[in-house]
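Please build the complex by placing chain B with the ligands on the supplied structure of chain A, with the hints as guidance.
Sequence order for the protein chains is A and B.
When you line the first sequence up against this note's numbering, it's residues 1 to 275, in that order.
When you line the second sequence up against this note's numbering, it's residues 1 to 587, in that order.
Derived by calculation from the structure, the hints in this document are not laboratory data.
Owing to the predicted nature of the structure, the values given are computational and were not obtained by experimental measurement.
Among these hints, one or two may not hold up.
[Claimed, not checked] Chain B stretches covered by chain A per the calculated footprint, using a threshold of three residues with CB under 8 Å from any CB of chain A:
#1 251-259
#2 462-476
#3 485-492
#4 564-572
Beta carbons are placed, not taken as given, at the ideal position from N, Cα and C, and that holds for glycine.
One letter stands for each residue in the lines below.
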Amino acid sequence: MVIALILLLVAIGSVAFHFWSPWWFTPIASNWNYIDATIIITFVITGLVFTAVVGFTAYCVFRFRHREGRRAAYEPESRKLETWLAVLTAIGVAAMLAPGLFVWSQFVTVPKGASTLEVVGQQWQWGFRLPGKGGRLGTSDNRYVTPDNPLGVNPNDPNGKDNIIIVGNDLHLPAGKPVKVLLRSIDVVHDFYVPEFRAKMDLMPGLESYFWFTPTRTGTFEIFCAGFCGIGHPQMRGKIVVEDESAYQEWLKKQPTFAQMSSPSDKGVQAASAR
Amino acid sequence: MSDVALGAGGTIPPAEVEDVELYHPKSWVTKYVFCQDAKVIALQYSATALAIGLVALVLSWLMRLQLAFPGQFSFIQPADYYQYITMHGMIMVIYLLTALFLGGFGNYLIPLMLGARDMVFPYVNMLSYWVYLLAVLVLAAGFFVPGGPTGAGWTLYPPQAILSGTPGTDWGIITMLASLILFIIGFTMGGLNYVVTVLQGRTRGMTLMRMPLTVWGIFTATVMALLAFPALFAACVMMLLDRLLGTSFFMPAIVAMGQPLNYGGGSPILWQHLFWFFGHPEVYIVALPAFGIVSDLISTHARKNIFGYRMMVWAIVGIGALSFIVWAHHMYISGMNPRFGFFFATTTLIIAVPTAIKVYNWVLTLWRGDIHLTVPMLFALAFIVTFVNGGLTGLFLGNVVVDVPLSATMFVVAHFHMVMGIAPILVVFGGIYHWYPKVTGRMLNDVMGKFHFWVTFLGAYAIFFPMHYLGLMGVPRRYYELGDAAFVPPSAATLNIFMTVAALFVGFAQLVFLFNLIWSLFKGNAAGPNPWHATTLEWQTPTTPPPHGNWGKQLPVVYRWAYDYSVPGAKQDFIPQNQPPAASLAT
Ligand code: HEM
Ligand SMILES: [Cu+2]
Ligand SMILES: [Cu+2]
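Chain B on its own, in the form it takes in the complex:
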């Protein structure tokens, strides 16, 4: 019945372009180091992102220790705390999640899912990774420069970010800005690749409306990133000039610590507009790939087509577009004309509608499914819970007047961790458990996987759900210690200890996960080409793991959408996208 709408069969256009000749590596170095194969680049991106992410994880333990036991650890001074939150926030959002979803999952899955041999510009793709690595190294160098990394908070608000009351204004802020600039350059090279590959590199029969939602999510996020990052790029250059050459883009006349400074005429709120014009879309740059991937996880492991595919695609595109006109909801109390609040609250709450539709469609995909409770499915379910939770608290913060008491409190910290920290990270894990067999030919260990899942999901929920209530009470964020505050009962200290213990457990589970990644590489069960019985093209490669060029002699031809699971009358409960119509019928 869906054949007409969603196009199983139909005519397959003849090949328009000759099969491309790839540059095949001739030495070990070009095969594994300066490699142009998107799959190798994907692994390089992922390994680097996970490595620097581990740093951010360790920083989160230190922050949590400080919050639970303020002043008990002599090695955590106030300046350190601010350096931790800044580096933790920036690494998690940009260098881990953005890089992992787009550079990692994007590189691996786009060509494979679309039936392409590689990205369209393999050489630029390779450069993208090396520039990213450089950005990570410059960022990490911040830990070793005099004065340490910047402690300006991940939002880097001027004037504070470049004035001496903040840690790391000698060198740290410079390495941070330089690293961001490098990251954006590297990302742009990769991003152009992903976009052009999706638009031009699809195999015969792979129409846009047959693409798996993973590709839709990554594609839309990449387009958004290409539009949003330039604002950050310009802002970083301007701040560097303010810091190094004494220009005043963001600096009005200031008297700092009794000393009049040589600045004047600039506008610190301009930074906030530029930052959030990037920063809000950034939330969705992280979320949309997660939306896409989780759709495919749910569909595959529930053996059922994703419900409302077309609506899902339009929701992704709609959310992406709308997210460019909501940025000032981060600035309701910044001192901009408060009447802007009417506009931005309305646009922000409108986004809730397409977002809610996506949630309904995930849940309705489960409805009357055949749910296999595999590790990827468990992570997908946990994603639904945390994402719904974090999305709903977004309705508090987006509704301008409710944001007034809650903004800049722990409520905000709880909200964004739930919605753009925990929820996407759960999808990352689900995705890794799902595609690891394709990448390595082996399954990840299930017992360790389940342990990792339970501790991560319940632990993270235990950290961040109660945290909302601290914020509701009024505890401000970015306080290395609350000190005396009459409105806070002593029980809050107990809650802080509880959250810290949970955070340490969650952290430990990640180490088990890393161990599993390495252990299974050697000891994991053999996976075979398609262990999950999935329909999408990456599972139909002639060899597993797929070689350079992916498809051997012949590119696959696509006959149907990505979600032909449990089609009535078909022999098996899945029909691969490249299976011609006649072959799928029952005999």
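In isolation and in its complexed conformation, chain A is listed as follows:
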């Protein structure tokens, strides 16, 4: 008896909690509102199923609880009912999977003209590299990593000379422009995660992963590490400043290139402060 009531309360309470709790998505700041939409669809479908199943269970417990003289029905199976339920479930699942896969196909297809950003992880800080005037990233390898070359850019690759290196500092991005993010790690697995952008991706040592997004809102957003990387994992933070194009260009001009950083005279400071 009590249990029937409690089961019902669990169903209703869960739904009420969903609507009235103060904890919800952070306001989005990228193009991936499709992801949020898919989550909402999933919430609706699963929420309905949850309340239906738990509510029905509560009803059965109430209605068919043992009383003196009661006897259960004998009903081994019902092909028709089972088939119907299976078909309905398959439809519900398809209604979630189809939009999911549709959005995923956008997720894996980087739009033409996206700018490139390389994110490099190491215990426990973020490094970034942007192509310079030449527009290309030079090759890289962990074997080239030295205090002067924290991201392991290939010193013999001419494409790398003008690359812009940001270590231990905030990254800026222009609003409204799609970015292809390339990710790699110098030591262990990390994961580049900005809650407001929704997207995240691992930095897997030994390979280069990618994803893309378009920052849509100006502001400062915090980068978290979402791939357990040892004891400093929660402290591995960084900041992304999304701003309009002119402010971005202003910032970009002040950043050191790889060539500047590795020439001992100038700005070795940046790299040194990073260690």
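Same frame as chain A, now just chain B with the ligands:
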């Protein structure tokens, strides 16, 4: 009406094999310690699993205390926190749940439910337990070695697992890998037993399609474990070699803390594939026995046949098979080619269909039943709620694009606790309340049982349901403290305190349960041979608790399926499986 389909009566094949002569113990040591009786081995497995599980429970309190009051306890340093989560996760999944369901319930119930005298290879079965015990001891030794146990997370991802930025890389990771290797060796010995016993040891008349779903669940899970554990075994050996001999199976060229390491050419993602090729089936290795047992609990205590038995069997087998082609849903954002996401999202969501059918059939078994709200039934009902909840959030995480924002957040932690932590544990409790009378001859105390149930069910739900919303907001997992994070409102801290208080209550209720287990052994009401009026063979033994050899002189003969409850026209509302057709009719 079901007689044709489900085979009450029919012809009973003549005995093909002579009754086996068991090795009967001659001394106290061979009777209670190095014992070959599956029932004693089952109890040894269960006691060991519960003991080490208690350690994992205590660790969960410590973790929850840290999350609610970060930095307030000087004895919980960041390194400790990571060691706690690693040991807690690994113990709960492998050393508690896997061992308890397969080694505990499997050993006790398979021979009894199938009308066998024992497992087919009793000696190997005994060895299985002792190797398991050794694995547990090696695991526990991790707490005492220099540097403490590994803090790599239960997934033990390299390179981090063997590099110095992670706690416990001196010794802890070695004891962990060694313990896992031992566990798999021990399990393989037991597992072969369970499989061969199900295939070869059934009594006359016990066709496969008359087996109780408990046996189907344990059997399928065991087959899966025999196929999945080798991947983990190989991976553990490779990581041990990387750690001890400097090979580079999982290690690419790395510069750690400014120092280039002597590794190169290996692939850390290979570990993830091997780990999850084991790890995903592992979820079902824990879930399928729970599915089976809960089916029998619901049917018995609702006095009604399980609805759609054949569909239930095929769903178990289908889920087991499908679960081998979904592993990379744990790796959507690992950097593998993202196009694999299409395949793995589709296979993952397809599993939802047979799983949902199982849920419908449990609920439809309640429909028009005669529901006795006994403690096992209460746990079964709570299982339905938590399992449905956790299963549905699996549809979020399996749907690749939805997984992107949610993966590696507290949403995942909430999801897997609900579906493979809380739900199966509730079945374990239900099962213990259900079979304790057979094991000991006494009932567990009902008042303590109800107290245990309510606190555990509502408490666990209160911990893990709100936790999803922290993850939805974006709080990452495996953070010993969140620190400043602009996107998290201060109210989240209050929620964390609430969850911790709930966790402490739940923990306390488990102590009441343990007390009940011991108290009822001496003071519990006498149970009689079949207190629940159940149909399955274990309740029809000539003596309770059943002796070595189970059946006395004559093995039982089976005439019907396991679910003849409330058969129209029968005198009683249950007909035991070994009752010949004529005897069951009303007089
Ligand atoms: C009341 C009982 C429990 C409580 C309060 C609890 C609490 C926790 C907490 C706080 C974490 C760490 C979350 C994080 O920081 O990422 C955790 C992790 C985990 N728990 Fe539990 N837990 C409980 C029961 C269980 C059970 C029954 C299982 C069995 C499947 C389980 C399996 C795990 C696993 C696999 C992890 C992940 C460890 C890792 O991240 O490496 N827990 N639990
Ligand atoms: Cu990290
Ligand atoms: Cu999985």
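Status of the hints after comparison with the structure:
{"no.": "1", "hint": "251-259", "verdict": "holds (count 7)"}
{"no.": "2", "hint": "462-476", "verdict": "holds (count 8)"}
{"no.": "3", "hint": "485-492", "verdict": "holds (count 6)"}
{"no.": "4", "hint": "564-572", "verdict": "holds (count 4)"}
In summary, this structure violates none of the numbered hints.
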